[in-house]
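For the sequence shown, full-length UniProt numbering gives the first residue as 1, with consecutive numbering after it.
Just so you know, not all the hints are guaranteed correct.
[As the list claims (entries may be wrong)] Derived SDA-like pairs (lysine to any residue); straight-line CA-CA distance at most 20 angstroms: (1) Lys661 / Val677; (2) Lys54 / Lys298; (3) Lys419 / Thr475.
[Claimed, not checked] Pair ranges (Cβ atoms, derived): (4) Ile787 / Pro248: 27 to 35 angstroms; (5) Pro312 / Lys816: 15 to 23 angstroms; (6) Lys816 / His680: 57 to 65 angstroms; (7) Asp282 / Glu30: 47 to 55 angstroms; (8) Lys571 / Asp199: 21 to 29 angstroms; (9) His672 / Ala348: 46 to 54 angstroms.
It should be emphasised that the hints constitute simulated quantities derived from the structure, not laboratory data. We put the beta carbon where it would ideally sit given N, CA and C, even for glycine.
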Amino acid sequence: MILDGALGTMIQDYNLEEKDFRNVELAAHEGQLKGNNDLLNITRPDLILDIHRKYLAAGADFIETNTFSSQYISQADYQLEHLSRPMALQGAKLARQAADEFSTDEWPRFVCGSVGPTNKTCSMSPDVSDAAARDITYDQLFDAYSEQVGALIEGGVDAILIETIFDTLNAKAAIDASVSEMQKQGLDLPIMLSMTVSDLAGRTLSGQTIEGFLASISSYPIFSVGLNCSFGADQMKPFLKELANKAPYYISAYPNAGLPNTMGQYDETAESMSPQIAEFIDEGLVNIIGGCCGTDDKFIANYAALAKGKKPHVVINKPTTLWLSGLEMLNVTPEVNFVNVGERCNVAGSKKFLRLIKEGQYDEAISIARKQVTDGALVLDINMDDGLLDAEKEMTTFLNMIAAEPEIARVPIMIDSSKWEVIMAGLKCVQGKCIVNSISLKEGEEQFIEHARALKRFGAACVVMCFDEKGQATTFERRIEIAERAYHILTQKVGMNPLDIIFDPNILAIATGIEEHDNYAQEFIRSIAWIRNNLPGTHISGGVSNLSFSFRGNNYIREAMHAVFLYHAIKEGMDFGIVNPASKITYSDIPVDELEIIEDVILNLKPNAAEALIDLANKKKEEEEQRKAGLAGGDTSTLKKEEEEWRNLELTERLKYALRKGIGDHLDEDLHLALEVYPHAVDIIEGPLMAGMNEVGELFGAGKMFLPQVVKTARTMKQAVAILQPYIEKEKKVGATKAGKVILATVKGDVHDIGKNIVAVVMACNNYEVIDLGVMVPADQIIKKAIEEKADIIGLSGLITPSLEEMINVAQEMEKAGLNIPIMIGGATTSQLHVALKIAPVYGGPVVWMKDASQNSLAAARLLNKNEEQTYVNELNDKYESLRSGYQDKQHKLLSIEEARKNRLNLFDD
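Build out the structure end to end from the sequences listed, making use of the hints.
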């Protein structure tokens with residue numbers, strides 16, 4: 001469908017003067033009014049009608065109301081706040097009149113109520129010295145938008161178009177106001193969104209990625225989403241493709257007529273823009289096409305002709321996984337396995353954090369948040385509930401401050417409070433899709449529904465505590481009873497998406513000396529499987545530190561209990577947990593005898609399990625006290641003994657152990673010893689260091705290590721490579737001919753680079769010229785650089801599952817660009833089977849899967865050797881064909897579970 005073009009551009013053609021913006025009422029109004037185009041709805045309705053008619057005559061299906069700034073926030077610049085509603089109402093009536101004049105049964109025309117972003121931002125501070133300051137609040141935006149949207153609906157619009165979105169929090173206020181006004185008037189009009197990206201990285205002015213934006217709006221009733229302004233069609237296209245590939249809505253695009261020149265004018269013409277718009281249409285990227293700054297009715301007439309008879313974009317399916325976001329998306333896929341929610345920004349759980357907030361030492365408090373993200377927290381829990389704090393004020397201040405810290409703000413927030421007013425205050429500060437912790441049936445069904453509906457207003461996910469009018473659930477039966485009741489209320493009465501529901505079945509303290517507490521952990525774990533199997537789409541979370549409350553002060557026992565509990569809970573389906581991301585102990589670290597004691601307690605396997613754990617705790621406490629006493633007296637024998645347990649290992653094993661544990665203290669010493677053993681520095685990387693990394697990968701895959709530990713390992717590997725780098729540089733052959741030019745990139749959507757960095761070192765050591773594009777690299781940038789540099793090989797890396805899809809996309813785009821450059825694929829989630837099934841078939845050039853970094857230079861040598869290349873490519877193709885055939889045979893042989901059950905073996909019937 002065709003949207004109209006720019007109103008401002010058309011208005012300029014009328015060469016208006018100040019008098020055109022005034023009527024009798026405004027004759028004596030102080031200040032210039034020229035340029036306030038929305039005012040023309042009142043002072044020159046004939047002109048606005050004329051523009052609408054021109055666009056309709058050109059073939060527009062939709063026309064926008066001339067109301068982009070018709071709310072009192074923008075009109076305050078002209079001291080015309082009192083006219084904002086009349087402007088919106090009259091703007092809607094004029095567009096409705098024009099559309100009705102052109103509408104027929106065969107060709108109906110529609111009116112979109114234009115709602116602009118205002119000239120204020122809710123997510124950024126106007127004061128560089130005060131990150132918490134805001135010059136507009138969510139409530140002020142909501143009130144202004146409510147008045148505007150109410151007038152647009154009264155004036156007869158068919159849809160609400162919230163456009164030129166540069167701050168998602170502003171947009172959320174506009175969506176909230178739109179839904180609220182429709183409910184008041186008993187209507188359900190389509191809500192259309194159009195964002196604008198501010199840079200070539202594809203982020204909004206407030207820093208959010210396109211994916212992050214899509215996550216933010218994923219719980220709202222959205223009709224279409226698109227892009228406008230900022231760029232011309234050519235620059236917009238890669239971002240539009242990303243949107244079309246990921247947004248489960250109709251897709252719109254209305255680009256500027258190119259980029260403004262030095263005089264502020266737009267150089268593109270209707271004729272020069274048409275081929276670019278034709279690409280949007282022919283490639284099936286859009287459902288709605290129109291124009292923004294610099295376009296007029298000639299552009300729209302051309303677009304209408306281009307679209308005639310063409311197939312629209314096919315809307316993709318809605319996500320089947322939970323989307324959360326800060327500045328970036330967190331897609332909670334099964335491969336994520338476990339979302340660790342950082343627990344340290346909680347005044348109830350951290351004395352240090354409480355002290356810092358009380359003393360107003362926000363910079364240091366923010367450093368706690370930053371460290372948690374660095375340590376691997378995927379979500380940050382923020383709690384300000386303390387009797388001596390103004391929790392509402394502190395929540396607002398802290399959330400506003402971390403919004404100015406990109407490395408923190410990139411992750412989603414969990415707003416944690418037992419006070420509803422604090423939760424509401426927090427929701428009004430967060431532009432991403434956050435989690436609220438928590439709501440429950442404690443105060444009855446009516447309040448539960450009221451709170452759940454409020455969360456829907458803000459597009460948030462929620463933690464639902466297994467707590468009702470009878471109290472907290474402590475048994476399996478009560479947990480599932482409350483969860484089932486809450487699920488049906490939320491999905492049937494509130495209309496909440498099950499994906500947005502995270503149940504907390506109550507992790508309670510065990511080994512307390514009270515017999516009925518002994519089964520708490522086992523019954524929690526049992527309830528996980530029931531909830532995941534019977535309440536589809538939902539998630540499971542819990543405050544893990546509650547489990548070990550009885551052992552406060554004994555960090556080893558607490559962390560060991562948490563590791564064992566998580567190992568079993570995650571296997572059953574627990575996918576969220578509030579934890580300390582810097583926890584050092586993993587399941588595999590615990591000695592077998594201690595592991596047996598702790599598992600007996602967690603799973604309540606033996607009657608005396610708690611007593612055995614208490615004995616172990618006392619033993620550990622005594623050992624710690626002896627260690628401290630030894631240190632105080634200058635006796636370091638205890639420490640030496642601890643070190644000797646791994647420091648006396650053989651050199652290769654020491655290096656592997658240091659990597660697995662993330663210990664960098666002895667790297668310098670051990671690596672210098674290794675340099676005396678191994679012929680070349682790169683051999684150390686390809687040997688013990690890679691072996692250690694592979695071991696970490698296996699432990700992570702088995703659920704015996706979690707992401708924070710993996711991140712720590714990656715940092716240690718980076719440290720090791722940095723130590724070896726000078727020796728690697730020395731060993732390079734001076735003046736030797738380069739073996740070839742290699743482009744390396746971690747694909748878009750993935751920030752992990754340790755594997756890629758190792759490949760870069762290994763390839764450079766083998767005399768390849770390496771051009772490292774970094775992380776989060778879009779396909780178009782990879783292709784552009786490969787062409788510019790005349791690359792011989794492209795290496796694509798990725799750690800997370802979505803990277804697999806992006807690698808397919810890169811291969812497809814390379815094929816479209818006519819490239820035949822070999823692609824090397826590597827990363828934790830990649831596999832030779834995936835390459836054979838998904839990547840190699842879409843690309844005409846060679847695609848090689850690399851098991852680890854040591855293989856890259858060998859593969860590259862064969863690919864770039866004219867005598868070897870074809871033989872190697874044939875070997876690859878034969879291998880891929882064999883894998884594909886084997887996979888297809890396996891698929892044919894496997895029956896569905898229903899068919900298998902029909903054919904089950906019966907040993908008892910004759």
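Outcome of the hint check:
Taking the CA atoms of Lys661 and Val677, the gap is near 23 angstroms; set against the 20 angstroms cutoff, the hint is violated. Between the alpha carbons of Lys54 and Lys298 the distance comes to roughly 9 angstroms, so the proposed pair stays at or under 20 angstroms and holds. Between Lys419 and Thr475 the CA atoms are separated by roughly 26 angstroms; this puts the pair beyond 20 angstroms, and the hint is violated. For Ile787 and Pro248, the Cβ-Cβ distance of about 33 angstroms falls inside the hinted range of 27 to 35 angstroms, so the restraint holds.
For Pro312 and Lys816, the Cβ-Cβ distance of about 21 angstroms falls inside the hinted range of 15 to 23 angstroms, so the restraint holds. The beta-carbon spacing between Lys816 and His680, approximately 41 angstroms, falls outside the hinted interval of 57 to 65 angstroms. Here the CB-CB span from Asp282 to Glu30 is close to 53 angstroms, well matched to the stated 47 to 55 angstroms. Against the hinted window of 21 to 29 angstroms, the Cβ-Cβ separation of Lys571 and Asp199 comes to about 43 angstroms, which falls outside the hint.
A hinted range of 46 to 54 angstroms holds for the C-beta pair His672 and Ala348, which are about 47 angstroms apart.
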